[in-house]
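K.L.:
The chain contents come next:
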Amino acid sequence: MNSKISAFQFYSILLLSRILITLTYTPKYTEGITASDKIFQTLFRFIFGIIITLPVFLLNNKNESELQNKNGVFQKIKAVIFSAVFFYFSVTTVARLDLFAGTVMFPETDVKFLLLLVIVFCAYGAYLGIEPIARSAVMFVIPVLLSLAFICLSLVKKVDLLNLTPLFYNGVFPVVKTSLSAVGRTVEYAVIAASLPFVKGNSKKGFFIWLTLQTVITAAVFFFEGTCLGAFSNMQLFPVYTIASMAQFSFFRGLGAIITGVWILCAFLKISLLIFLQSKLLSEGFGIKRITVTVVSAVLLAVVCLFISGNVSRFNAVDSSLVKFILIMISVPALALAELIVKRVKKCVRQ
Amino acid sequence: MRKAVIILIALICAGSAVNRNAFKSDISNRDVVQGVGIDINADGTYTVTLETINTENYSNADGAAKPVMNLRTLHGKTVSSAIKSAYSIDGKTPVLSQNRVIVIGKELAERGILPSLDFFIRDAENYPTVQIATVEEKAEDFFKNASSESTVVSRNIEKILLTSDDDMTVSSITLCELMNRLESAGHSFYVPIITTFKEKDRPEIKSKGTAVFKEDKYVCSLSEEETASLNFISDKARKGSVDFNTDEGSAAISIIKSKTVRKVDCSAENPIFYIKIEIDADIAESDTDKEYSLSKSEVDSLKSYAEEKVKSDIEKLSEKLYTEQQADAAGLSRLIYIHYPELFRENEKNLNEIMTESQYFVEVEICVRRVGQDYVS
Numbered sequence: 000m001n002s003k004i005s006a007f008q009f010y011s012i013l014l015l016s017r018i019l020i021t022l023t024y025t026p027k028y029t030e031g032i033t034a035s036d037k038i039f040q041t042l043f044r045f046i047f048g049i050i051i052t053l054p055v056f057l058l059n060n061k062n063e064s065e066l067q068n069k070n071g072v073f074q075k076i077k078a079v080i081f082s083a084v085f086f087y088f089s090v091t092t093v094a095r096l097d098l099f100a101g102t103v104m105f106p107e108t109d110v111k112f113l114l115l116l117v118i119v120f121c122a123y124g125a126y127l128g129i130e131p132i133a134r135s136a137v138m139f140v141i142p143v144l145l146s147l148a149f150i151c152l153s154l155v156k157k158v159d160l161l162n163l164t165p166l167f168y169n170g171v172f173p174v175v176k177t178s179l180s181a182v183g184r185t186v187e188y189a190v191i192a193a194s195l196p197f198v199k200g201n202s203k204k205g206f207f208i209w210l211t212l213q214t215v216i217t218a219a220v221f222f223f224e225g226t227c228l229g230a231f232s233n234m235q236l237f238p239v240y241t242i243a244s245m246a247q248f249s250f251f252r253g254l255g256a257i258i259t260g261v262w263i264l265c266a267f268l269k270i271s272l273l274i275f276l277q278s279k280l281l282s283e284g285f286g287i288k289r290i291t292v293t294v295v296s297a298v299l300l301a302v303v304c305l306f307i308s309g310n311v312s313r314f315n316a317v318d319s320s321l322v323k324f325i326l327i328m329i330s331v332p333a334l335a336l337a338e339l340i341v342k343r344v345k346k347c348v349r350q
Numbered sequence: 000m001r002k003a004v005i006i007l008i009a010l011i012c013a014g015s016a017v018n019r020n021a022f023k024s025d026i027s028n029r030d031v032v033q034g035v036g037i038d039i040n041a042d043g044t045y046t047v048t049l050e051t052i053n054t055e056n057y058s059n060a061d062g063a064a065k066p067v068m069n070l071r072t073l074h075g076k077t078v079s080s081a082i083k084s085a086y087s088i089d090g091k092t093p094v095l096s097q098n099r100v101i102v103i104g105k106e107l108a109e110r111g112i113l114p115s116l117d118f119f120i121r122d123a124e125n126y127p128t129v130q131i132a133t134v135e136e137k138a139e140d141f142f143k144n145a146s147s148e149s150t151v152v153s154r155n156i157e158k159i160l161l162t163s164d165d166d167m168t169v170s171s172i173t174l175c176e177l178m179n180r181l182e183s184a185g186h187s188f189y190v191p192i193i194t195t196f197k198e199k200d201r202p203e204i205k206s207k208g209t210a211v212f213k214e215d216k217y218v219c220s221l222s223e224e225e226t227a228s229l230n231f232i233s234d235k236a237r238k239g240s241v242d243f244n245t246d247e248g249s250a251a252i253s254i255i256k257s258k259t260v261r262k263v264d265c266s267a268e269n270p271i272f273y274i275k276i277e278i279d280a281d282i283a284e285s286d287t288d289k290e291y292s293l294s295k296s297e298v299d300s301l302k303s304y305a306e307e308k309v310k311s312d313i314e315k316l317s318e319k320l321y322t323e324q325q326a327d328a329a330g331l332s333r334l335i336y337i338h339y340p341e342l343f344r345e346n347e348k349n350l351n352e353i354m355t356e357s358q359y360f361v362e363v364e365i366c367v368r369r370v371g372q373d374y375v376s
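Sequence order for the protein chains is A and B. In this text, residue positions in the first sequence follow numbering that gives the first Met the number 0: the first is 0, and each later residue adds one. In this text, residue positions in the second sequence follow numbering that gives the first Met the number 0: the first is 0, and each later residue adds one.
Derived from the structure by calculation, the hints contain no laboratory data. Idealized CB from N, CA, C, for every residue including glycine. There may be inaccurate statements among the hints.
[To be verified] Ranges of calculated distance between the beta carbons of each label pair, as one might list FRET restraints: (1) 49/A / 364/B: 44 to 52 angstroms; (2) 247/A / 325/B: 35 to 43 angstroms; (3) 249/A / 325/B: 40 to 48 angstroms.
[Said to hold, decoys possible] Which bits of chain B does chain A cover? Going by a derived footprint, with three or more residues having C-beta under 8 angstroms, they are: (4) 116-128; (5) 178-184.
Only chain A is shown next, with the shape it has when bound in the complex (with noise of 0.2 angstroms):
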C-alpha cells in the first residue's frame, strides 16, 4: 500500500466487510443459546474486539513503528501468515455466498458459473489496488446502513417481544462461547493487524467507532431476529435473509431482494480486499509481481470454491468456527505480541 488510505475509507471497508458476517450467519453459529443471549453476546464481542486488537494498536504506536523492519524474516513470516488466512477467509466467503444462491438465489440452478464470475470481478477488483476499493466503501456505506435501517423500520410491526428469551437459560459458558467464535469469524481484525501502518489518520478513533457500530448493528440484527422470528430463527438456514423477506413497508413487500443485494455488495468489497491484501503483502515480502499474486488467488480460490460448491458436507468441513478462530488468534494478538516482545529484545540488546 504505497499509496494510504484515510482512516474513514479503511474502516468503511471493514464495516460493510462485518456487515456481510452478520447478514450471512446460520444458527450453527450461536447454538445453545437463546433469542436475549444472542443481543446480549454482542457486548462480550465488544470486549473481546478490544483484547485482541490491543497488541496490534501498541505494535503499531509511534515508538514501536520507528522500529519496524520491512525486510526482515518477520515480516516474511507475517506476510505468509496473513495471506493464509486471507485466503481461508476469502474461501469461506464465496463458499458461503455459494450456498445462499445454491439455497435461495436459484435452488434448481447449478451456480458455478455464478461463482466463477463473482471470483473474476474480485480479481479484477483486487488488482484495481485499495483505493478503487476504499472509494467504493465510502459511496456504498451509507446506502446501505440505510437499507438495513430501512427493513429494520419496516419490522417493528412484526415486533413480539414475549420472543425474547431469560438471559443466560443455559448458563454463561455458551454465550462467551458463542462470543468467542463471532471473534474468530471476524477476519477484518487481521486485515487491521496486516495493514494499520498504511492507515492515515487516527486510526484507533475510527477503531472504536467501527468497533461501536458493528456491535449496535449486530445488537439490532439480533433483536429483529429474536423478535420477529423467536424460535423460528433456529429453523432457517439465513435468518437475516428470512426476516428480511417479512418485511414489508407500504406495497413494498418481501424485501429480501435488498439484503440480496446488500450481501453481494459486501461480498464483493471484502473478496477483493482480502485478494488484494495477499498480492500485497506477497509482493512486498517476497518480491513477487502483484498481477501474479492477484492471478494465483483467484485461480486457487476458484478451484478450491468449485471443489466445495454444491455439498453442504464439504461447506462444513471447510467453515470450521475453530479453525477461525485459531487463525485469527494466531494472525492478531500472537503475532503482534511476539513482535512486540522481538522488538523490544532487539532495543534493549542496542542499548
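Use these hints to put chain B onto chain A, whose structure you have.
P.N.:
Just chain B now, kept in the frame of chain A:
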C-alpha cells in the same frame, strides 16, 4: 474507478433482481401456487390439493374463456413428493413463493400436523408468513366445494383470516407463529377453522371459530365468541364488537382499541396469572325501552355489563383451555419461562399440570369514548 463502480452497480442490480424466481422458465410452464390443502390417507400417504393460477390464460391469446384457477390433486408418500409429482403429470413445476395459505384437513389435524409442515419450513421458496387454516372435512373436498369459475379460494381465505385485526371473532396464525408456539413452553397453539356455505348458489367462505392443538394434534374447537376471548387473552384482539344483555334489553359496544397486559406471580404455591384488558369502546347499540338519550348512570351501567360479559367469557375460556383440555393455546406459560426461568426449568415436563392448578384473575376496564350520535344527558 469508474469501471469498478459500474461493475458494483451491475452486481447490485443483478442481486436485487435475482430473487427467488428470476431466471426461471416461461411462466406458462410454471404452476403458480396460491393455496395448498393437505390430507392424510389411511395408509399414511398424503393427498395434496394445489390451487394454482391458470398461467395458460396469460400466454394464450386465442380469446377463449378459461377458468382463472386450476385445482390439482396430487398423491405422495410425503408432502414434498406429492407436490413435486405435479411436474411428471403435465410438465409444470409448482412455484410456492406466491402461496398464501396452507389448509389442513380434519383427519390430518387429529393425527398430528407437524410432519406435513416440515417441507414448508425447509423449502426456501415458501414464506414464513403463509397463513395456516384448518377445515372440518377433507382439505381436498373443501377446495372443491369452495371453487367456482371466477373465485380464487386461497385469496378469499387469506382475506378472511387477515380480518382478524378488525374482527376479533376471527383468529389467524402464520407458519412462523405456529412453529414458535409449538417450540414454546406449552407446546400448544391454535389454528382458525374455515368453512364453505352457499349463497345464491355461489360458494362462499367464512371463518368458523378456532381449533386448539396440543403438541401438534387437534384437541377441541372454539366458537366465534370463544375465539374473541382467546384473542383477548393472547393480546391479539384489536377491534370488533361485544353483544351483551342488560336487565332492560340487549346492547353492544364497538371496540376501537384493546390492549391486554399479562402478568404472572409465582411467589405462591401455584402461579397466579393476572390478565388485565383495557378497552376503548363506543356504545354501538342500546336496545332499551327508556328514552333515546343515555344518562351518565346508564352509560356506566352499560359499561359494567360489557365488562362483566368480557370477563365471564374469558374465565369460561380459561376453564375450558387450562382445566378441561390442559392446552395452553393462549401462550400464558411463556410468561413463566420469561419471568421465572428456574421454576420453568424444574417443571418443564409437567407444565400443563401447573397451568391447570394456576389461578387466573381477569380484570376488564372499558373506557367509553363515545355514545354514538347522541349526548349524555
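K.L.:
All the hints need checking, so say for each whether the structure fits it.
P.N.:
Here is how each hint holds up against the structure:
1. Range check, residue 49/A to residue 364/B: Cβ separation about 50 angstroms, and the 44 to 52 angstroms hint holds.
2. A hinted range of 35 to 43 angstroms for the beta carbons of residue 247/A and residue 325/B is consistent with their spacing of about 37 angstroms.
3. Range check, residue 249/A to residue 325/B: about 43 angstroms between beta-carbon atoms, so the 40 to 48 angstroms window is met.
4. As drawn, the stretch 116-128 of chain B meets chain A at 6 residues by the rule of a beta-carbon pair under 8 angstroms; at three or more, the given contact holds.
5. Residues of the stretch 178-184 of chain B lying with their CB closer than 8 angstroms to a CB of chain A number 4, which satisfies the three-residue condition for coverage.
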